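S.K.: The whole structure should be built from the sequences, with the hints applied where relevant.
Take a look at the letters that make up each chain.
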Amino acid sequence: MPVTDRVKQIMSWYGSESPGVKANLVRLLNHGTLAGTGKLVILPVDQGFEHGALRSFEPNPAAYDPDYHVQLAIESGCNAYAAPLGFIEAVADKFAGQIPLILKVNNSDTLAKVDPCSAITSSVRDAQRLGCTAIGYTIYPGSPLRNQQYENLRAMIEQARDVGMPSIVWAYPRGAGMSKEGETAVDVAAYAAQISAQLGAHIIKIKPPTAHIEQAEAKKVIEKYNVPTKTLADRVRHCVKSAFNGKRIVIFSGGESRDTASLLEDVKQLAEGGAFGSIMGRNAFQRPHAEGLKLLQDVIQIFKASA
Amino acid sequence: MPVTDRVKQIMSWYGSESPGVKANLVRLLNHGTLAGTGKLVILPVDQGFEHGALRSFEPNPAAYDPDYHVQLAIESGCNAYAAPLGFIEAVADKFAGQIPLILKVNNSDTLAKVDPCSAITSSVRDAQRLGCTAIGYTIYPGSPLRNQQYENLRAMIEQARDVGMPSIVWAYPRGAGMSKEGETAVDVAAYAAQISAQLGAHIIKIKPPTAHIEQAEAKKVIEKYNVPTKTLADRVRHCVKSAFNGKRIVIFSGGESRDTASLLEDVKQLAEGGAFGSIMGRNAFQRPHAEGLKLLQDVIQIFKASA
Amino acid sequence: MPVTDRVKQIMSWYGSESPGVKANLVRLLNHGTLAGTGKLVILPVDQGFEHGALRSFEPNPAAYDPDYHVQLAIESGCNAYAAPLGFIEAVADKFAGQIPLILKVNNSDTLAKVDPCSAITSSVRDAQRLGCTAIGYTIYPGSPLRNQQYENLRAMIEQARDVGMPSIVWAYPRGAGMSKEGETAVDVAAYAAQISAQLGAHIIKIKPPTAHIEQAEAKKVIEKYNVPTKTLADRVRHCVKSAFNGKRIVIFSGGESRDTASLLEDVKQLAEGGAFGSIMGRNAFQRPHAEGLKLLQDVIQIFKASA
Amino acid sequence: MPVTDRVKQIMSWYGSESPGVKANLVRLLNHGTLAGTGKLVILPVDQGFEHGALRSFEPNPAAYDPDYHVQLAIESGCNAYAAPLGFIEAVADKFAGQIPLILKVNNSDTLAKVDPCSAITSSVRDAQRLGCTAIGYTIYPGSPLRNQQYENLRAMIEQARDVGMPSIVWAYPRGAGMSKEGETAVDVAAYAAQISAQLGAHIIKIKPPTAHIEQAEAKKVIEKYNVPTKTLADRVRHCVKSAFNGKRIVIFSGGESRDTASLLEDVKQLAEGGAFGSIMGRNAFQRPHAEGLKLLQDVIQIFKASA
Amino acid sequence: MPVTDRVKQIMSWYGSESPGVKANLVRLLNHGTLAGTGKLVILPVDQGFEHGALRSFEPNPAAYDPDYHVQLAIESGCNAYAAPLGFIEAVADKFAGQIPLILKVNNSDTLAKVDPCSAITSSVRDAQRLGCTAIGYTIYPGSPLRNQQYENLRAMIEQARDVGMPSIVWAYPRGAGMSKEGETAVDVAAYAAQISAQLGAHIIKIKPPTAHIEQAEAKKVIEKYNVPTKTLADRVRHCVKSAFNGKRIVIFSGGESRDTASLLEDVKQLAEGGAFGSIMGRNAFQRPHAEGLKLLQDVIQIFKASA
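Protein chains in written order, with this note's numbering: chain A, 360 to 666; chain B, 360 to 666; chain C, 360 to 666; chain D, 360 to 666; chain E, 360 to 666.
No lab work stands behind these hints: they were computed from the structure.
Any given hint might turn out to be false.
Note that the list lumps identical chains together, so a pair holds whenever it fits in one copy or between two copies.
The list that follows gives simulated cross-link-like pairs (lysine-lysine, DSSO-like), each with its CA atoms no further than 27 Å apart [stated by the list, open to error]:
#1 Lys539 to Lys579
#2 Lys663 to Lys472
#3 Lys472 to Lys453
#4 Lys472 to Lys539
#5 Lys606 to Lys453
#6 Lys589 to Lys579
#7 Lys578 to Lys539
#8 Lys583 to Lys653
#9 Lys663 to Lys367
Given the structure is predicted, the values throughout are model-derived calculations rather than measurements.
M.R.: Structure follows, in structure tokens:
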């Protein structure tokens, strides 16, 4: 499909990038129902690794099968499907060329008690041989293993660029000096978006920010300049602004809410706040098929309406 | 021998793999008494390294000799023989081409008190020069050294793939936050199978899962959805399902049971639960030769009957 | 422009360097209002990474935009603009060739509680592909991670030299054995300048030294030889002397002072003490545009007058 | 000299090895008084590094000189001379071709208090340029640094094999969970021999095992199966059996005993137990020259008689 | 100049070395007033890095300038000048070919509280591009970071050899288990010389040993064999003997003594004890120029007289 003005505008912010990386960014933006709008909805399925198959797939047992997810992503009109190595290997050949694939190159499980730092479980070379469009990498800003994670990400982005692949950063702040609610605090989420952008992320994924403010210095600034943080839309707006004044693509997860109404209300707030899209996993694949499909389509329509 | 429909079906789940890796997977499935059935019985002998020669071989002193094991594997009709570098070097030339060899590339001993993490004791290059068909690698999910193990495995699988060799993962959960009985809990064993599959293992080896449930969140899900975990067959079924809905080869060790009757009863439960086979070491080579041989043949027949 | 006698003199101290590195050092010295004077004023913007976008840019929201800073540096007549990877990527193509760019290759954030050591967030290769003139690297002398930082810097300088790029070292002493005020003590700041010079830095950036003396042995020497440390100019003179008797380029940050008068007074002292220039970030970009622009121009004029 | 039947038999156990490694193993077995018998006596001199020159050489000051040792090894008819880099460099050119040299590639000193792990102090490349026939490497099974040691050994053996050089492993169990007398316990010594063989050692050097049994599980097995451990010969027999049923060359150090009679009595027990030879350092070079020479010759004769 | 018999004799101890390394060793021995005598006096200036410029150079402010030192070394007739990267870079081009340069490739500062281990601050490649004749490397035997230091030294010596450059080891015992006075104890200093020689050092630099004996086992041996340790000459003799019976070049620092008479008395003792020379920094460059020059010349004459 031709490149729309909005996509051209977005791509203009990535002017220093190579044509190869730009081409794959355009591919992500030009696929699915939201093609050409500059918005993205991605189906990510790394919960099997992160929480176990039982907790992830038993609510909708069809989801034990790797085929299920990529089919759901295709059917619902998502822009892309993201998963760890095993799940991508299980479907890459069978569904080749049907939807952009994102290889989640690092992952964590909940069996071990370790400082926040995902293991690197696949490579850019894997992403290439499997026909992927981009790689995904999780960082935990606030972790005592921060340097190791940022440095591995740096190397990963460089390798991906060398083969024309953009990098998507999942930024989940956590660590010794941070309170539990601080992990999704508006100041912390916005800071994580800024760090990701400075690290060279092409697309940044954060959690919907809460009204909590974690850092004393941030609180002072928010109060002094009356930065709006009351509604989710306000907070999303601040996070997007923190990623180079909106010149980097920032997308948000669906959050903890479970009933469909409040979930869609949250998505509307994301869209209103200027989010570039959503990444929605458990809320989609843990519902019965028809319900999960409808939910993804509704989310996509909300972003389409806001484009 | 020609490739049977069942083997073709199994191979269809590995569609994204290279022809070289597929060829060696077929070689494993097409050797021995179980050739073509899609089932595998493997004789593994790493106990000399893991527990010392005395404890491993004194019960049947013929087993001190490296030749003993590979001969037993050939004679009994196993699909393959697996061992650490030294044992493979001792027989690779003499028995070349008589049975697929699996090089166990990492190993632990019980002399040192260290966090669970095997030392890498041989390489894919060793596997090649010794004419092996696959490599074997142990991970300890739950260990504080998880990342190091997963990352080394990732590199090892990539190197093995480059030379057309599949990778077999021994997944033994253990570590600081886990109870002793949790190491074989059904939720933990199934989780370990899922992790191994996501890491790109071609064949996954776990211990027979017990009815114990280790993780509180898992317990809730099992109760909510009435996941059957009462019989060993039930639990095996859950573990196999947890490995991509049965689309990855999962095999089980013989467990702790020592008298032949209960051991064979367990194997029947494994077969009933959909296990792809067994890996049986101590129970075979610590018995007098005729007895060990018969045991292996009986186990093989159980899987043959279930195929 | 032709090379002035002063620039020739400065370059004579770098006699052992390669023509490529020398050429880029001359480029830095020959750009902007201070071109040819041997003085430098650089606009650095890494505060988004180091403290978050909110604290850094909310005081002057135009500064959320990456374009803002490089434009300010160009407009004000600075010698160069320095920033982390993301900010440089955002402007390198659009403003190509308009001002020398310095890629800050390592960075820290304030979310994690870790020993002082910045993560390496970009590479010499990045600097090359983005058309940069030099790289910048932060060391924290006094940190328990000193060796790792010095060794990474060594490798970085070598790589940069290989492609004809000079290295600028930000030297910020801190660490377990050092008091908070010791971090800017005159003896410590001068020591940091000496270390940086010995490590092969082409340009050294330190904080304006205070009259505090941290080390007992240094105190004895200062008293015995009546080393003047009373005025800021005195202390700057000592720091410049400590960098190979003034034969390495040493520049200073603007310090903590916030009101314009005292800030400019400090800059005058820097100039009087023989500083080669200033590096001024927050004090410039956190002011309204016209005010920030004027401040930078005034600073530049002070150095011009002292040249 | 021609290869004897016994040497041919020994070499048959190393069938998977490359011709280059085999050739150098034969060279070791075919040198000196014991040539062709399948027995080895090696003079090792790493005590200068391990305990200092004073403690090692002052009892016989001629031994301060590096020439002394290699001359003693030649004169006494040893199979080989083993030493760290410096000592080998001091004599390799002067005595080139006169006796097989073994480069001890890792070493420890007693100045530092560290976990048991020798530093790698030379390389296979050094061994090559100095004309050595084999390398020697010390492991400390039981050490918390076990994995690092085994992994470095793995790499070293691979490099040595690539240039046709066999590897000799000095296996000295020690570490946090082990009692002092456990370090030479018969079960531990035998376990160390098994580990070394599994790691791919071509020749294994252990200490003469004592009657102490360290591990509770080992004690049970020894009692249950009446494994003889009463005489040194019994224990040596068990250790040799533990190294692939005697299919790996296992040699023993002279132990702590100092008076000649008891020392030679121990050597007789070693020979009776099936040891492939001895490695004798301090007991030889700390005696006056004539006495040390005679001792080595007597030890050699004991093994010759047992061959 | 032609090679004297004494230099030929010294070189005969390095028979296994490559012609390139030998050529540069001869260059060091054949330069300056002591050319051909087999003795060496070297001016080392790493105190700026190790203690700061203030403490090092304020006593004689001309010494702030990098040119000062190399000129002093040339003028006084030293064999070589040794310094860290920055100082060598500052003079290598200007004084090219006038005196052998030794690049100190690792360095420490006193700002950080860390286990004894210098950072690697330059490379063999740096030494080559700067026209150096040798590299210098500091080890701290006794440090918990011993292995890292020895292993890095091993790699450094190998790289230097590859380009025909000898390696000089500064051996300064210190660390957790050692008393302050133990660092210069005669047994410890001699042990450090032995370790350095075994590690492959071509020239060894230790501190003048005191009469203190640190290790209980060493004390027993010294007493048993009446090893003379009363005079400095006695102790120097023991240290030189400990370095391969005098077959490695061992040189000594000037020690702590400050008044010229006692300093020269010490040097006479060094010469009498068979030291191959001195390395004298602070005592030379912290004196006024004429005085420092005379001191160096006097030291050189003492060694000349003893040659």
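S.K.: Which hints, by number, does the structure contradict?
M.R.: Checked against the structure, the hints that fail are numbers 2 and 3, while the rest are satisfied.
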